[in-house]
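Work out the full structure: start from the sequences and follow the hints.
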Amino acid sequence: MTLVVFLLFQCEGGKLGWVERCIVCSTLLRVRDCTGIQDPVCIAIPNNPKISTLAWSLNHGYLACGGENGFLKVLKFESGTIQLITWNEQFEKLTTADEHGVIIVWMLYKGSWYEEMINNRNKSRVRGLKWDKEGRRICIAYEDGAVIVGSVDGNRIWCKELKCAGLVCADWAPHGRSLLFGLSSGEIHVYDSLGIFLRKLPIYCLYDIHGAVSLVDFTWYRFDKGLCDPESPSLAVCFDVGRCQIMRNDQDSTPILLDTGLNITCCAWNESGLILAICGQHRFDCDSEPETLENIGVVQFYNPFGDHLHSLAIPGKGPSACAWEGSGSLRFAMAIDSYIYFANVRLKYEWTLCANTHTLVYTFTRSDSIDRCVMFWDVKRGITHIRSVDNLLGICGYGDFCAVTHKIESISKPYQITVYNSLGCIADCMTTELEPKFSVMTGNYVVIANASIVFLWQFKNPKTLFGIGVAVKARNKMRKAIQRMCHIDQKDGSLASQPPLSLDGSSSTATDTNMAKLLAIEPSQNPIVALATSETRSLFIARSNGNVIRYRLPELWPEVCIHATDKLPVRIEVNCDATVFGLIDEHGVLSLHPIPESEDGDTSMMEQLSLKFSEFSRKEVWDLKFSTDNPSTFAIMEKAKLVMFRDTEAEPPIHSSVYIARFADLEVVGVQLDDIIQQCEHPKLDLVTRIPCKTLAECRGLLEHKQLDKAKAYVEEHPHPKLWQSYAEAALQEMQLNEAEVGFVMCQHYQGIDFVKKLRNIQSEVVRRAEVRAHFGDFDGAERLYLSTDRCDLAIDLRRRLGDWFRVAQLAKEFGAVVRDSELIDVWNALGDHYYDKAQWPQASEFYGQGGDFKKLVHCLFRMGDYSTMESLIHELPDGHSLLPEIARIFTWVSLAAPAAKALIKCDQLKEAVEVCIQLNDWSLAFQLTQVSSSSSSSDGDSSEDDVLTKTSLRRRLIGHLRASVKRMLEQSRPFEAIEMLKGAGYFLDSAKLLFRNSNQQESIFTGEEGDTSRSDLGVFGDQATFTERSRRRETGGTEAVAHGKQNDLLQLSNSYEITRLIDQPWRGAEACHYLMLSQHHLYLGLFEQALRTAILLRDYDDIFDARKIHSIIALCAVKSGAFATASKAFMKLQNLPGWSTFERQKLDDLIFEIFTRYPPKNLTKSASSIEMDVMLESETKVPICVVTGQPVTEYQFWMCPACKHSAYESEISRVQNCPICHIPVQ
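Residue numbers (my numbering): 27 to 1253.
Don't read these hints as lab results, they were simulated from the structure. There could be a bad hint or two in this list.
Unchecked claim - Simulated crosslink set (DSBU-like; lysine-lysine; CA at most 30 Å straight-line):
id, residue 1, residue 2
1, Lys736, Lys665
2, Lys1173, Lys1135
3, Lys736, Lys638
4, Lys1135, Lys1159
5, Lys732, Lys463
6, Lys932, Lys882
7, Lys1135, Lys977
8, Lys374, Lys720
9, Lys1188, Lys1231
10, Lys149, Lys159
11, Lys136, Lys156
12, Lys720, Lys665
13, Lys149, Lys136
14, Lys406, Lys439
15, Lys665, Lys732
16, Lys645, Lys665
17, Lys489, Lys439
18, Lys638, Lys732
19, Lys119, Lys149
20, Lys710, Lys736
21, Lys638, Lys710
22, Lys864, Lys710
23, Lys1155, Lys1173
24, Lys839, Lys928
25, Lys928, Lys881
26, Lys186, Lys343
Stated by the list, open to error - Computed Cβ-Cβ distance ranges for the label pairs, DEER-style:
id, residue 1, residue 2, range
27, Tyr230, Ile547, 26 to 34 Å
28, Asp515, Pro745, 44 to 52 Å
29, Lys439, Asp515, 17 to 25 Å
30, Asp218, Lys439, 44 to 52 Å
31, Lys732, Lys593, 22 to 30 Å
32, Gly1165, Lys1188, 24 to 32 Å
33, Ala723, Thr815, 36 to 44 Å
34, Leu711, Tyr135, 36 to 44 Å
Quick caveat: nothing in here was measured; it's all calculated off a predicted structure. Ideal Cβ positions, reconstructed from N, Cα and C, are used throughout, including at glycine.
Below you can see the structure in the form of structure tokens.
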């Protein structure tokens, strides 16, 4: 971080004292300490009105002045010294307190400040005056211990007399829940927001101080902007003896301790919380009078973690107050006597420029996150990419890549180096134990260093993986990446040193051992302070004693040691041929130094250069960059000025505050990093500027005024490729081809020479001008010229070369240009590529369909999930197309067997189609594919016979695979999956048999253990009946039935009586379950007669349900309906059934006795229709039963299900949608 003091002003008044502006009108100044007759103080009035009258109020101290145009202003002179000033940013209020204890709250109204509230306690001085973070409460602390907390509207919240006198300062905690009060004795007391004492703040920085110590101030960073981590250090406590501690909160037991060496007077955090400024006086021995001490004002800057950033010496005896400017500015103000000094702080941002790709890489922190983000910004196209990096330490860049060093969560190797390309993609990375305090890049090497150890790593450049690199690596073994390290103290005065430790090809154990050896060496007394590299593969290391050492890369071999300065170096830069380096010391002084080729080089030449550079020195320099194409030119940032040098001769300075990113081709690429970091995620292109040097600016001025002759003479006088190129381009725009060719030849611009030759071969002058406009990027102007000469073909060719396919299509449509079909296909496919790159799949698929690029069309349809269109594409593609297997793989991946098999069949891959069907468990389709039709079997020809043999072989394998799969599932107790597999394969009868066996058996069909058939339900019996019916229909189906009939009994299950009955009467089980549920339904609805008739039907299904269950429900329904004779028969059946326990039989007998002692065993009288229905049920003739109501059908016309052949009343079946038995839709 560099600081530059650039602005200074003094208040008017001279010996009269100081003058302060009036709060009311911002013009009047307060006058104090006026003795004798002195020079008058001039007070300027806004808009310079002529004053005609004055009147001074003796009682109140007001001064009224009036003048022309109705001017009237009332001014007030304060009598006391203003001690404290604080702002309320949220409510735009200013609060002041003077030495007499008068507190005034000022408000802003229409551009002027007015007194809103006045408080005059008139007992003690005000020592603390602070608003809380939200601006709603103010704390006023008096020296005698009185504390008042008030609201923004002037109401008093609470007041208290603290039991401690000598208050020095007070402040709110950022969260607003506690208050800190500082005492003159150095103690700090913590109270809550209601004035209740909590604890004393622990002081650790005075552990070795004896004697009187006074607290100067403490200041909180309130986390308004910048740091958002509440655990970051934010409370700074300063004492007059120079000690300071930075704490994370008021209970931090491990604060950061500082010994500034100053007599501290004030301190302040900046707006982002990244810099703490501590002001004070520094005592030193006077050279003229050794026994006396002199004081000098010093400001020291620290980061939140106590690292010293910079020291700034200022005139006077030290600031009495200081403050930071807001709104993202880093301007710092200090009050010294009657002067106010301003300093601009230049932060050392983590940033770099990848020059080859025009990518600016910088770091920032989002306002809502604590993670550091790395921005990759293409300043040429405005494209940005953001990557999140935790615990970032540094950034360096070169060419196409940048290296980011950061700390990771690892115990063995806690630091990582990651190389990114210009798009933010990782190219290579490695971990290390060495803390990377400094890092630089050159070529394919990354060099990091801590205070004593230098480590070099060669990363893998992805560009070497293509082209010639592939052939080289195919013939030769790929050389492993270089890793070397050295310690800067491992050499004597003659630079004879041991070879650096090489880590090439060594194992990880050896690498860790060598690293551990170097880390175990005692740290150097002259640590590393700066690194720099040059294009000549040299590394320059600056040490704290002022020595600069040149190392040869990649060997890390020390070659030359130069003593550059006695001050502490801060930064070094090397020119392009490594003959001169520039050094900026801790005081901002820039010096140049020649670099000898070796220790025994030409001493006379070095002495001449040293003498030349000894006269060169620039002060207050904070940035430096040498030109990449001229070793004698460089640019510096001096205060707020950009100065360019040729040798040691300076050009006129340019007012700017940019950071120098690059100096090449007589232009400085400047970056306004302060503004970029403020905008962070959305930087603007105008924040990157190109600033020409004097010669380039003058040459461009001549060319802009079209003075080519003078410009040519100027360029000949100051030859440079950039100037010749500018001259050639200007001559080309004026259509002076001979002069343009001369300029391109002088700057060796071969593309320009070829372009001039191309122009000479063009006959039309208008077309020439259009080509020139296109050459300079004015494509719209070039198109207009083409169209004006009726050369639409050239306009289309121009847009095609630019890749502007939308304009190509528009031109072809509007101007009726003849476009060949092949060119039109290229246009559609290019438009599809445009939308394809933007992931706009519907638009891309539309253009790919017109252009016939089926491969990308399939990819777009897959991204869209439009499988129906993809399936229709199978019919459009010819047989055997190379894209059909890819389409089949896509359908297989999404589990669509039918279109996948269709695509494979179309490319003559029957075997693969069957395998896909088996994989997706579509056995029905697999059997259809292997079906041999009668037409194919009866046709002649060898191909037909081969097809029949192939399908027959596949069918046998398919049946064997099906049988093995079913048995494996049954062994694994997965019967329902086996049933579904048989159903899908078309083996419906086997499915029904297996389902029946599974419903009757508790374990498995192979165990033979009988289960309880009462567990069967309507769904199971319905599935059995459905499978059986489908098997029956297949038996009359022709070829497919014959093919299945040959292998009808796939599992070879024995046909028991139950299975035979299942085949003969498939719907019997479903009928039983349906009538049981229907009778219960009627019973719960109170339809007892209908429930009884339905229950009587269950007597025919005693082989399915337990007889006790059947007769129990008949008895229940009969009792409810009053049919006691029927109930008596049912109870008699129950009594004769075996299997009752003694307790159950006793309960049954008791129930029978209780019922029939009340009611005789006779049925109650019924209606004629009811009697008719009962008679029909009791007759031996089979009567159709309505499956909806469970009652006999008495009508001649009724509905019959086409599938299960069950009957129902037409009026009843119309109320349902499906058949109650087989559940097919009712037509």
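Find the hints from earlier in the document that the structure breaks and name them by number, from lowest to highest. 1, 3, 5, 7, 9, 13, 14, 15, 18, 20, 21, 24, 26, 31
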